[in-house]
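Student: Letter by letter, the sequence shown follows residues 4 to 146 of the numbering used here.
These aren't lab readings, by the way, just hints derived from the structure by calculation. Just so you know, not all the hints are guaranteed correct.
[Unchecked claim] Cross-link-like lysine-lysine pairs, in silico, DSBU-like; alpha carbons within 35 angstroms at most:
1. K117 <-> K95
2. K95 <-> K72
3. K64 <-> K86
4. K137 <-> K117
5. K106 <-> K86
6. K122 <-> K144
7. K72 <-> K86
8. K122 <-> K106
9. K42 <-> K26
10. K106 <-> K95
11. K64 <-> K42
12. K75 <-> K97
13. K122 <-> K137
14. K86 <-> K97
[As the list claims (entries may be wrong)] Quick list of simulated restraints, FRET-style, between CB atoms:
15. E99 <-> Q59: 54 to 62 angstroms
16. I46 <-> Q77: 41 to 49 angstroms
17. E99 <-> D76: 33 to 41 angstroms
18. D63 <-> D85: 28 to 36 angstroms
19. Q59 <-> K95: 46 to 54 angstroms
20. K26 <-> R51: 36 to 44 angstroms
21. F140 <-> Q101: 53 to 61 angstroms
22. T25 <-> R51: 32 to 40 angstroms
23. E98 <-> E138: 55 to 63 angstroms
Just so you know, even glycine gets a beta-carbon here, dropped at the ideal spot from N, CA and C.
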Amino acid sequence: WRRSRRRERSSRTSTTQGAGLTKDIEQLTIRLMQTTNEKNGQIERLSRQIQDSLRQAEEDKEDALFELKRAKDQELELVLADKQSVVLRNEKEKEELQNELDKTRVNMNDGINKLTREKHEAIQELDERDEIEKEGFQELKVG
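Build out the structure end to end from the sequences listed, making use of the hints.
Tutor: In structure tokens:
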């Protein structure tokens, strides 16, 4: 009789223990699911943060490329403006040199014309002297 009671007690205890274990397993399973859900939520948040960071990095890259292009364009504009300034200075210098050359030509032509006039006057004067001398010889011969 004692043995059967022990078995009963033992079987009740194991049933009670089994029910307690089942309850523990259910609670652990619920807890594991909650933890899994929390971790999945954290993973999703981190994934969104990573995606946002990647998008922001891409936007920053595009902004930086735009700024770089703009800076290069400005640099090219400065170089072009500098070259245009040099060209304008050279053109002005060329024009001034051309004006000086033109003045020199005019002065040279005036000088040549003056020398040519003086030469003609000198030739005319020599011709007149020659004429006077010939007349003087003629008078000496005649006289």
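Student: Against the 35 angstroms threshold, does the CA-CA distance of K137 and K117 hold or violate the hint?
Tutor: 30 angstroms, holds
Student: Given the hint that K75 pairs with K97, test it: the Cα-Cα distance must not exceed 35 angstroms.
Tutor: Holds. K75 to K97 sits at ~32 angstroms (cutoff 35 angstroms).
Student: Starting from K64, check that the Cα of K42 is at most 35 angstroms away, please.
Tutor: 32 angstroms, holds
Student: Mind checking the alpha carbons of K122 and K137 for me, to see if they're no more than 35 angstroms apart?
Tutor: 22 angstroms, holds
Student: Starting from K72, check that the Cα of K86 is at most 35 angstroms away, please.
Tutor: Status holds; Cα separation ~21 angstroms.
Student: Holds or violated: 28 to 36 angstroms for the Cβ distance of D63 and D85?
Tutor: Between D63 and D85, where Cβ atoms are some 32 angstroms apart, the hint holds.
Student: Is it true that the CA of K122 sits at most 35 angstroms from the CA of K106?
Tutor: At roughly 24 angstroms apart (the allowed maximum being 35 angstroms), K106 and K122 satisfy the hint.
Student: Look at the Cβ atoms of I46 and Q77 and judge whether their distance stays inside 41 to 49 angstroms.
Tutor: Given range 41 to 49 angstroms: holds, Cβ gap about 46 angstroms.
Student: Look at the Cβ atoms of T25 and R51 and judge whether their distance stays inside 32 to 40 angstroms.
Tutor: 39 angstroms, holds
Student: Quick one, are K42 and K26 close enough, alpha carbons at most 35 angstroms?
Tutor: Holds. K42 to K26 sits at ~24 angstroms (cutoff 35 angstroms).
Student: If you draw a straight line from the CA of K86 to the CA of K97, is it 35 angstroms or shorter?
Tutor: 16 angstroms, holds
Student: CB of E99 to CB of D76, is that within 33 to 41 angstroms?
Tutor: Roughly 34 angstroms apart at Cβ, these two residues keep to the hinted range, so it holds.
Consistency note: the structure conflicts with none of the earlier hints.
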